[in-house]
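Chemist: Start from the sequences, fold in the hints, and give me the full structure.
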Amino acid sequence: MKKDFSHREIEKKWQDIWEKKGVFRVSNRIGEREKKYYLLEMFPYPSGELHMGHVSNYAIGDTYARYLRRNGYKLLYPMGYDAMGLPAENAAIKKGIIPSEWIKKCIANMMVQQRQLGLSYDWERLVNTSESEYYRWNQWIFIKFLEKGLAYKKKAAINWCPSCGTTLANEQVENGKCWRCASDVEIRIKEQWYFKITEYAEELLNDLDGLYGWPEAVKIQQRNWIGRSSGAIVRFKLEDSDYSIPVFTTRPDTLYGSTFLLLAPQHPEIMDIASGNKEEIQRFINETAVTSIKEKEVKEKKGIYLGINAVNPLNGRSIPVYIANFVFMEYGTGAIMSVPAHDQRDFEFAKKYGLEIVEVIRGSDTKYDGTCAYEGPGKLINSDKFSGMESRQAIEEITSYLEETGKGAKSVQYKLRDWLISRQRYWGTPIPVVYCEKCGIVPVKECDLPVKLPGDVEFTGKGNPLETSSGFRQTSCPECGGTASRETDTMDTFVDSSWYFLRYINPHTSDKPFKTEEVNSWLPVDQYIGGIEHAVLHLLYSRFFTRALCDLGLVNFREPFRNLLCQGMVVKDGSKMSKSRGNVVTADEINMKYGADTARLFILFASPPEKDLEWSDEGINGCYRFLKKLWRMVQEETDTAKKPDEGSPDDKFLHLLHNSVKSVTIDISRDFHFNTAIARIMELVNGLRDYPPGSQERRMGLKTAVNLIGPFSPHIASEMWELLGGEKILDEEGWPEYDEKIISRTRTVMEIPVTVNGKLREKLLVSPDTPDADILKLAKEKEKVRQFIDGRKMIKEIYIPKKIINFVVKEV
RNA sequence: GCCGGGGUGAUGGAAUGGCAGACAUAGCGGACUUAAAAUCCGCUGGCGCUUAAGCGCCGUGCGGGUUCAAAUCCCGCCCCCGGCACCA
Numbered sequence: 009m010k011k012d013f014s015h016r017e018i019e020k021k022w023q024d025i026w027e028k029k030g031v032f033r034v035s036n037r038i039g040e041r042e043k044k045y046y047l048l049e050m051f052p053y054p055s056g057e058l059h060m061g062h063v064s065n066y067a068i069g070d071t072y073a074r075y076l077r078r079n080g081y082k083l084l085y086p087m088g089y090d091a092m093g094l095p096a097e098n099a100a101i102k103k104g105i106i107p108s109e110w111i112k113k114c115i116a117n118m119m120v121q122q123r124q125l126g127l128s129y130d131w132e133r134l135v136n137t138s139e140s141e142y143y144r145w146n147q148w149i150f151i152k153f154l155e156k157g158l159a160y161k162k163k164a165a166i167n168w169c170p171s172c173g174t175t176l177a178n179e180q181v182e183n184g185k186c187w188r189c190a191s192d193v194e195i196r197i198k199e200q201w202y203f204k205i206t207e208y209a210e211e212l213l214n215d216l217d218g219l220y221g222w223p224e225a226v227k228i229q230q231r232n233w234i235g236r237s238s239g240a241i242v243r244f245k246l247e248d249s250d251y252s253i254p255v256f257t258t259r260p261d262t263l264y265g266s267t268f269l270l271l272a273p274q275h276p277e278i279m280d281i282a283s284g285n286k287e288e289i290q291r292f293i294n295e296t297a298v299t300s301i302k303e304k305e306v307k308e309k310k311g312i313y314l315g316i317n318a319v320n321p322l323n324g325r326s327i328p329v330y331i332a333n334f335v336f337m338e339y340g341t342g343a344i345m346s347v348p349a350h351d352q353r354d355f356e357f358a359k360k361y362g363l364e365i366v367e368v369i370r371g372s373d374t375k376y377d378g379t380c381a382y383e384g385p386g387k388l389i390n391s392d393k394f395s396g397m398e399s400r401q402a403i404e405e406i407t408s409y410l411e412e413t414g415k416g417a418k419s420v421q422y423k424l425r426d427w428l429i430s431r432q433r434y435w436g437t438p439i440p441v442v443y444c445e446k447c448g449i450v451p452v453k454e455c456d457l458p459v460k461l462p463g464d465v466e467f468t469g470k471g472n473p474l475e476t477s478s479g480f481r482q483t484s485c486p487e488c489g490g491t492a493s494r495e496t497d498t499m500d501t502f503v504d505s506s507w508y509f510l511r512y513i514n515p516h517t518s519d520k521p522f523k524t525e526e527v528n529s530w531l532p533v534d535q536y537i538g539g540i541e542h543a544v545l546h547l548l549y550s551r552f553f554t555r556a557l558c559d560l561g562l563v564n565f566r567e568p569f570r571n572l573l574c575q576g577m578v579v580k581d582g583s584k585m586s587k588s589r590g591n592v593v594t595a596d597e598i599n600m601k602y603g604a605d606t607a608r609l610f611i612l613f614a615s616p617p618e619k620d621l622e623w624s625d626e627g628i629n630g631c632y633r634f635l636k637k638l639w640r641m642v643q644e645e646t647d648t649a650k651k652p653d654e655g656s657p658d659d660k661f662l663h664l665l666h667n668s669v670k671s672v673t674i675d676i677s678r679d680f681h682f683n684t685a686i687a688r689i690m691e692l693v694n695g696l697r698d699y700p701p702g703s704q705e706r707r708m709g710l711k712t713a714v715n716l717i718g719p720f721s722p723h724i725a726s727e728m729w730e731l732l733g734g735e736k737i738l739d740e741e742g743w744p745e746y747d748e749k750i751i752s753r754t755r756t757v758m759e760i761p762v763t764v765n766g767k768l769r770e771k772l773l774v775s776p777d778t779p780d781a782d783i784l785k786l787a788k789e790k791e792k793v794r795q796f797i798d799g800r801k802m803i804k805e806i807y808i809p810k811k812i813i814n815f816v817v818k819e820v
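Each number in my numbering comes from the position in the first sequence (counting from 1) with 8 added on.
The hints are simulated quantities; they were obtained by calculation from the structure and are not laboratory data. For each residue, glycine too, the CB sits at the ideal point set by N, CA and C. There could be a bad hint or two in this list.
Each computed DSBU-like pair below joins lysine-lysine, with the alpha-carbon atoms no more than 30 Å apart [stated by the list, open to error]:
1. K28 <-> K43
2. K286 <-> K307
3. K204 <-> K163
4. K161 <-> K460
5. K163 <-> K309
6. K636 <-> K29
7. K804 <-> K767
8. K460 <-> K102
9. K387 <-> K245
10. K804 <-> K792
11. K423 <-> K204
12. K771 <-> K810
13. K660 <-> K636
14. K162 <-> K453
15. K163 <-> K460
16. K520 <-> K82
17. K163 <-> K418
18. K161 <-> K418
19. K470 <-> K103
20. K670 <-> K619
21. K520 <-> K112
22. K360 <-> K286
23. K286 <-> K310
24. K711 <-> K43
Have a look at the derived ranges for each label pair, beta carbon to beta carbon [stated by the list, open to error]:
25. P223 <-> T684: 18 to 28 Å
26. D248 <-> E288: 18 to 28 Å
27. S656 <-> E626: 37 to 47 Å
28. R589 <-> I808: 46 to 56 Å
29. S238 <-> G324: 22 to 32 Å
30. K161 <-> T491: 12 to 22 Å
Modeler: Structural data, given as structure tokens:
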């Protein structure tokens, strides 16, 4: 009799069987009676080494995948690699390895480790975004976007990461630092390519309401990021000029209190309207416009007078026009009307430059007191015919008045900016346009795609390596055939991940990105699993892409991910496990010691999936012990010559069995509470010790326990299933069923806690068919209960059937 | 500052209005063993009473409230984590 199991042997055996039999492959055709399910994990950047954070992500997905298959779903469960991006390029700079070679090795390593974890992907659908067969479709989509006006080029203030040597989208700057390398981001002016995500701002916002399967936290983050504000655009005419300056405000009710205007330093019309010292103004602009946005601290407010005044459109007052360093060009109209009495920023500015402050809103309990702005709502004062009105109403009426008199209009603005996709790096998708002196910007012809990354480049660590290729840049114009130069910017790698989930359906299709009909039949993704750090990045970009592709007629749905599970981070020493932080516990080291089955079981048992987990080996041994125990019981069982007895198993056992199956099923399917599901399986196994080897209870219970543990620890479960005489391999077996009727029929005794004034005094054991009145009577007869009710006045007798009794008594 | 999420034994966690601490880990005690490992059994929230079986009181960040009953709902506060941060 073998005592312990050899995880290495068993895991290898079953991985080979699964692969040989192609158990997890799935065809694109969905039969009429088949229930399809698309389960997806956020694909990884192939760092080359899996750590426990990855294991957590994949264990959640794979366990659920195996559960779904066993419950009759036709399951699509693919894996791929987000293989473009800076780390590979940095490796090239540091170690002189070509990125494509480097990344191939990394992917190979990742795949080996993923297989060793026993993940049940359909490997034939592998997607690698760094292959030209993938990224050519980025280029193709780019050209479609260009044709539709969804891709465009503009010169604007951009975020520049000096360490990565490239521009960044707004979403990729966190607290003024680069999301990848945490360097301070600088603001520069640069001409760059953008995707027009703002075109979908309203829809991206509104449709969040329909995403019932998404965590509220993610939806809120997206809502805040999109940042919708409604208000009015008000035009301020300049004195002695035909110019007027439009400003956006959410508080038209404060318009009478507007005593100056502020323009963003980058405002394009400054030099046309300024009449002060232009040199000084230019100096101010230079100082403030291009700067670092490193800040937790709010910068000191600074401004400069333009030497010109505007007219307040309501009261005709002459008000000065300034430039101010805290006004954003990218938001609203790049100009604001300042109401110092009712906006703290304007208040500070007014104090600094000695500008007039006029109170126009008076709140009921707080109001403007001269020390700081009053920003709340209230009754209007000093506002002509609007005086006395409440803010809410005044906003409406003043806006209508502005519309009637042609001085303004209702307006909605968003914080969301267009997605800057240009990157000055090599290891990304070349943007497929050329610059022709005669024809201007010309897209590469579809038939000439892909524009491949050239091999003859130098990685010096300075500048864009693409510019060092001798042949890449020089090309001919697709329109006129004349000499032209190729764009050397590549795309943000978030472009790759914005549609990879569609490519899994047709990973090898070479004449289009994917087959629309098949994609429509599988998508949206039924369950997506990934980290919350992508709440606004990848998840917002993908929602935008899906809509844009829908409007291009390429898909027929607008939301890509129906349900979203954000798993918690695996944390070590206080920060997220990652190779760059050097705090990883690798999947390999855990795997060597305990095996994949234990590693998976433990990480799922340690906490519910959405919670962060501070990694610790403490406890993993418990899961290892549990599997060993189960294994030993199965060995005992197969060693027993005795045939299981006939007749029906005892009620206590049946109750335990069916209840266990029920709990495990509910815990997995309702809310991914794998930790409690595993606890229930442990209880079942512990309960089986009451029955001797060879008894039918033991035999039945073991089979069920092995079956239930299958999704979590698939190798050893498959092996045990075989040992127990399972005919099919476990992953092709059905999921155990439970019978609610058996659960209630076999409930032999009911334990009813009896409390007096809410304090537990006794537990009453009764048969489940005892009438309620008798239960109360029995409870009152109990010695322990009488101690607390005798001689006192009974106020109330509460019996919540099958749950609890509470007697409310009063001292007399 | 604003918006989220959270705070339960020594530890990971369970319980979402009805027995607080399931299931584990760690610890302690015992069995087996020459010994250790492995395995198995028992105990394990705090305080107090009791020779003992047992019993009582307290206890889910803090303070109040609702309720027959609160970790769970409501109000106020403290602390931790995450996101946003001069967006007019």
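Chemist: Indicate, hint by hint, whether the structure satisfies it.
Modeler: Do the hints match the structure? See the list:
| no. | hint | verdict |
| --- | --- | --- |
| 1 | K28 <-> K43 | holds, 25 Å |
| 2 | K286 <-> K307 | holds, 24 Å |
| 3 | K204 <-> K163 | holds, 14 Å |
| 4 | K161 <-> K460 | holds, 22 Å |
| 5 | K163 <-> K309 | holds, 26 Å |
| 6 | K636 <-> K29 | holds, 28 Å |
| 7 | K804 <-> K767 | holds, 15 Å |
| 8 | K460 <-> K102 | holds, 23 Å |
| 9 | K387 <-> K245 | holds, 27 Å |
| 10 | K804 <-> K792 | holds, 18 Å |
| 11 | K423 <-> K204 | holds, 14 Å |
| 12 | K771 <-> K810 | holds, 12 Å |
| 13 | K660 <-> K636 | holds, 25 Å |
| 14 | K162 <-> K453 | holds, 22 Å |
| 15 | K163 <-> K460 | holds, 26 Å |
| 16 | K520 <-> K82 | holds, 25 Å |
| 17 | K163 <-> K418 | holds, 28 Å |
| 18 | K161 <-> K418 | holds, 29 Å |
| 19 | K470 <-> K103 | holds, 15 Å |
| 20 | K670 <-> K619 | holds, 24 Å |
| 21 | K520 <-> K112 | holds, 24 Å |
| 22 | K360 <-> K286 | holds, 22 Å |
| 23 | K286 <-> K310 | holds, 17 Å |
| 24 | K711 <-> K43 | holds, 27 Å |
| 25 | P223 <-> T684: 18 to 28 Å | holds, 19 Å |
| 26 | D248 <-> E288: 18 to 28 Å | holds, 21 Å |
| 27 | S656 <-> E626: 37 to 47 Å | holds, 43 Å |
| 28 | R589 <-> I808: 46 to 56 Å | holds, 52 Å |
| 29 | S238 <-> G324: 22 to 32 Å | holds, 27 Å |
| 30 | K161 <-> T491: 12 to 22 Å | holds, 21 Å |
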